[in-house]
Amino acid sequence: MNKIQNKKWAYIINFIGICILFSLLMILFNSGILGTSTNYVKGILTTACYTIIMVASLNLLTGFMGEFSLGHAGFMSVGAYSSAIITNMLVDKGIPDIILFVIALIVGGFAAAITGTLVGIPALRLRGDYLAIVTIAFAEIIRVAFTNFAITGGGRTMSGITKLSKFSWCFWVMVICVTFMYMYVRSRFGRTVIAIREDYIASAASGINVTFYKVLTFTISAFFAGVAGAMYAHYMTAMIPTNFSFMYSAEFLTEVIIGGTGSLTGSIMGAIFLSALPELMRDFSNYRMLAYSVVLLLVMIFKPSGIFGTYEFSLTGALSRLFHKKEKGKGGAADE
Amino acid sequence: MSYVINIFRKIGVGMALFIQSLVNGLNQGAIYALIALGYTMVYGIIRMINFAHGDFIMVGSYTLFYTIPLMIRTGMPPWMAVFIAIGVCIIVGVSVEVIAYRPVRKAGSMTALITALAMSLFLENLAMVVFGANPKSVTAIFNLPALNFLGAKLQVKYLITLGIGLVIMIALQLFVKYTKLGKGMRAVPQDKQAATLMGIKVNNIITITFAIGSALAAVAALMYCSTYPRATTDMGSMMGLKAFIAAVLGGIGSIPGAMIGGLIVGLVEILVKVYVAPSWYEAITYSLLIIVLIVKPTGILGKNIGEKV
Chain A
115 MNKIQNKKWA YIINFIGICI LFSLLMILFN SGILGTSTNY VKGILTTACY
165 TIIMVASLNL LTGFMGEFSL GHAGFMSVGA YSSAIITNML VDKGIPDIIL
215 FVIALIVGGF AAAITGTLVG IPALRLRGDY LAIVTIAFAE IIRVAFTNFA
265 ITGGGRTMSG ITKLSKFSWC FWVMVICVTF MYMYVRSRFG RTVIAIREDY
315 IASAASGINV TFYKVLTFTI SAFFAGVAGA MYAHYMTAMI PTNFSFMYSA
365 EFLTEVIIGG TGSLTGSIMG AIFLSALPEL MRDFSNYRML AYSVVLLLVM
415 IFKPSGIFGT YEFSLTGALS RLFHKKEKGK GGAADE
Chain B
4 MSYVINIFRK IGVGMALFIQ SLVNGLNQGA IYALIALGYT MVYGIIRMIN
54 FAHGDFIMVG SYTLFYTIPL MIRTGMPPWM AVFIAIGVCI IVGVSVEVIA
104 YRPVRKAGSM TALITALAMS LFLENLAMVV FGANPKSVTA IFNLPALNFL
154 GAKLQVKYLI TLGIGLVIMI ALQLFVKYTK LGKGMRAVPQ DKQAATLMGI
204 KVNNIITITF AIGSALAAVA ALMYCSTYPR ATTDMGSMMG LKAFIAAVLG
254 GIGSIPGAMI GGLIVGLVEI LVKVYVAPSW YEAITYSLLI IVLIVKPTGI
304 LGKNIGEKV
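Taken in sequence, the protein lines are chains A and B.
Take any residue in the first sequence, count from 1 to its spot, add 114: that is its number in the working numbering.
Take any residue in the second sequence, count from 1 to its spot, add 3: that is its number in the working numbering.
For reference, chain B alone in the conformation it holds in the complex (with noise of 0.2 angstroms):
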């Protein structure tokens, strides 16, 4: 009898480590999302891997580490830094756009990913210089409990940052449906000349569209300080390249895939930490990025362009 028990007692905390990984990988996979999402929108319309991208949340983050203290002071909810904190990321996001990558845009891919580069290791190491090297510890966004679901801790914060990802998604999906802007982001990377001419301004959209992306970075990066509560200064470097990998996954340039991707991702890497090999996951993220660029380099959402000679 007692053997039956336990092996129910087994199943269910079985059950209750899968439900609370599952909704850890959600969680992480909703910030790769919003993340993904500041890539796919920036190589849809100019084809360039924005590798900076991922240094915005570093931004972001610094911006909260700094700003959540002065909320808490002013009585104020310590949620509301997000909003310094996308003023700050959309500064440093269109500065960067308008300073290093609008002259060298006619140069050639190459050119541009080279700067692009350029501005990701000038912001780590400028952060480095400012903030020094030394990890902050963001104080805590969310004092929220944890609820009790089948026996696992679910964390309400987790809840919300999946909830925030989502809202957010499927309003940018209806912003670049509908509005007349949004038309015009999907009009330039079409075809630049015939958007000229039909009297949409090709670098305001362009910088419309890093206004917008580091938006969603600063966002991401209060959804990571709630799960992580440290800043780092290359914390950008490496969680943009797994949303870069989210991006592809999902098919570069279209927004839902963004979000299947991010949260593919997301779940791969905990999953696998959780039951696989706990070393190993990092290896694991990369090899899904490999397999699916020779299987099908155009992701789950993507569009096939062939080659033209």
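In isolation and in its complexed conformation, chain A is listed as follows (with noise of 0.2 angstroms):
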């Protein structure tokens, strides 16, 4: 009973917490402290947060269930394309700009969804190695498609899309996604994922349906892909098969794996960082690249499950340490 409650409180406090941050950042935009530089960071925190998505939805199979996808680009690719199809048949129907934004979002995950079920049945037979080497195939036909289909600009850049991603809306389903991926890693579910990282051989003696729980796993993370995919189609307006390359798939595993395998806090914190690291250094963008690979090097000799590890920052738990130390003897829930 009382764990139930305290969990029920830790929602709440979070919930406060990331309505303080918004509020924050909306009164930094609102008073024009940053003046003509104002739409610009609003640009990064946009890009900062499908990013986001992104990197937590690749982190479910790499941290959580111990698996690599390599093409996680070519998922985004799909609900990217699938959404600004649908945007822009229903662009002049009248239907507010909201409610389109939602569409498009759902649209794109949910097709991302479906391809993520199709590559999952027949690649997650596969471990290791060969499943990373497989879904840099998938992500490569997926892309080979693209540039072949009429409708998604037949290999040309696929433009005017209308812009939807705002910042406030992105940064709200940002942290949809996050919690609800937070909430499936720490139920029955991801519990079960998570055993089956540790021994799949074990799992699957101990009465678990590993290829369904793998294969929901894999789907979970390519609707999310699916959604980033549609917020990137709608904050870029315009795009190209090549964009989703091999090159930007591993840019993400990297951010993963920086961060620290299972980790969301790691995951959100090396998103962050990596999107704004080559804003930051527009004139060196020559070496971001070269610069990730070294700083990724370093992290696998040294630290290889990333620099948060499996860490979760939690604002409870932070909370009730500052005031354990405060007024030390009431706090009751410091254990949390």
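Hints are computed from structural coordinates only; laboratory data are not their basis.
Careful: at least some of the hints might be erroneous.
Here are the simulated DSSO-like pairs of lysine-lysine, each with C-alpha atoms no more than 30 angstroms apart in a straight line [said to hold, decoys possible]:
hint : chain 1 : residue 1 : chain 2 : residue 2
1    : A       : 417       : B       : 204
2    : A       : 417       : B       : 195
3    : A       : 280       : A       : 156
4    : B       : 109       : A       : 417
5    : A       : 277       : A       : 156
6    : B       : 180       : B       : 109
7    : B       : 276       : B       : 13
8    : B       : 195       : B       : 183
9    : B       : 109       : B       : 204
Using the supplied hints, reconstruct the complex from the two chains, each of which is provided in its own coordinate frame.
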């Protein structure tokens, strides 16, 4: 009873924390402190939003399921193109922007989820290195398909997509997505997936349907990649299949690994840091991927679990520790 | 009468095209096979996909780009540049192994895979910084005429490529089968500890494997550049992926398997390009890999290894 109440409290406190963060950002933008660079900063943060969803969804696979996907950009492109096609069809029908945005996200997510299931059922019979290679192969097939279909621009840039991804909307979508992923990892399903990661033979022997849970996780991961793709499409308003190449997938994987496999906090920090970094060092854009790869190599050699490891930041934990220090003996929920 | 002649002419043209595509495919396949050998040897010995292997070809190609004019100036035949390329590739390959792969060797397959990926990204982006993003066109390596065979124009250089590929393959197979070093290379993956007890220096064997793989990548770079005289920074990753497909198709760890797999991938690619769907050929190559991995993950010549609980 007490535990459930604590959990409820944790969600409420976290929600308040996120609201405070959001209003701080809004005050920052509306007060005009940033002056002319307001839109620029907003743009970076919007980029960070979809990158966070991408990286967190990839972390579901890499960190919690212990399998690789080197073709995550492929699912992103499925989401991006399908949502762009839908909004292009609906844009003149007088639907309010926010509903159109939600439709785009849902369509993008489900298109990617369906692709994810279709890819996952055959691919997840393999493990480790072979799975990694097969995901690259699938992503390349998706890319070749998009270069050949007329509806996706036939290899040329698909432009003129309505700009719907406003920062405030993207922020809340990101919050919902990350919350959902967090809840999934903490649920019975998530625990099962972690058990499969630790020892799939033992889990299979104790009656877990390994394939089902793997495909389920793969599908959910693809779904969020699709949502991120839809956001990307309606932020960039123009895209070409080669955007979603192997390099882009590798970039996401880099962010997951550097942040910490098995830590959503790590994914979020990794994504924010690495999407702000290229903006900070525009002049050195040539050196960006070089720097990533060097960092990745060093992380692998010295701390293979990534910077955050499996650590998760918890607002309630931090708060209770704070109160514990101030009012010793009074803090009741300090063990949370 | 003219109708019949027309049909014969059409058949003749068709035949010529077919033979030409066949030779093109075999040429492409020989290149893939040489790269696949590097993958197969490294995977066979330390169970790791060396993503950076494709980039060794890129290193080789850039070396050729800079050394071929040098060779011509000193009056030597341009293909002699391959020896410099081999040297450079061996240095790069061995240093990659010693600096990046050796420290993570005991850390598990996931860490090894990511390290290899990071190394590949590093080499590619380093090349981007050093050589610039623009493709460089490599000077022609072989100035040989085209043969006329049944109406088909056959490039002699393609036949040379194929010949070099076959010779290297056979030499490598003999080396692994009959020399002491080769026996060591086969012993290490079977049982590392037992191999150490028998006086085999495991680390040395692994380094030598990398050296051989990199040297083969340099030869593959020569063959690639004689067919497509261009060096780009990202040429390695996609070609490496296709070569890896070839290695898996033939059965990873098997030298003849790499040859067979390479030739199949090359032939399928060129024939699909010519006869089926020019813009879809890459998708077909990748589908081939997926089908093989799902139907027979050990490949054509691979041995089945059961999983122990």
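Evaluated hints:
Restraint check: the Cα-Cα separation between residue 417/A and residue 204/B comes to about 28 angstroms, which is no more than 30 angstroms; the hinted pair holds. A C-alpha spacing of about 26 angstroms is found between residue 417/A and residue 195/B, which places the hinted pair at or below 30 angstroms, so the restraint holds. Pair hint residue 280/A plus residue 156/A holds up; C-alpha atoms about 9 angstroms apart against a cutoff of 30 angstroms. Of the supplied pair hints, the one linking residue 109/B and residue 417/A holds, its CA atoms being roughly 13 angstroms apart against a limit of 30 angstroms.
Simply put, residue 277/A and residue 156/A have alpha-carbon atoms about 14 angstroms apart, close enough for the 30 angstroms limit, and the pair holds. A threshold of 30 angstroms between alpha carbons decides the hint, and for residue 180/B with residue 109/B the separation of about 28 angstroms falls inside it, so the pair holds. The suggested pairing of residue 276/B with residue 13/B holds, with an alpha-carbon distance near 20 angstroms, which does not exceed 30 angstroms. Distance hint between residue 195/B and residue 183/B is fulfilled; the C-alpha atoms sit about 16 angstroms from each other, no more than 30 angstroms.
Between the alpha carbons of residue 109/B and residue 204/B the distance comes to roughly 16 angstroms, so the proposed pair stays at or under 30 angstroms and holds.
Checked against the numbered hints listed earlier, the structure breaks none of them; every hint is satisfied.
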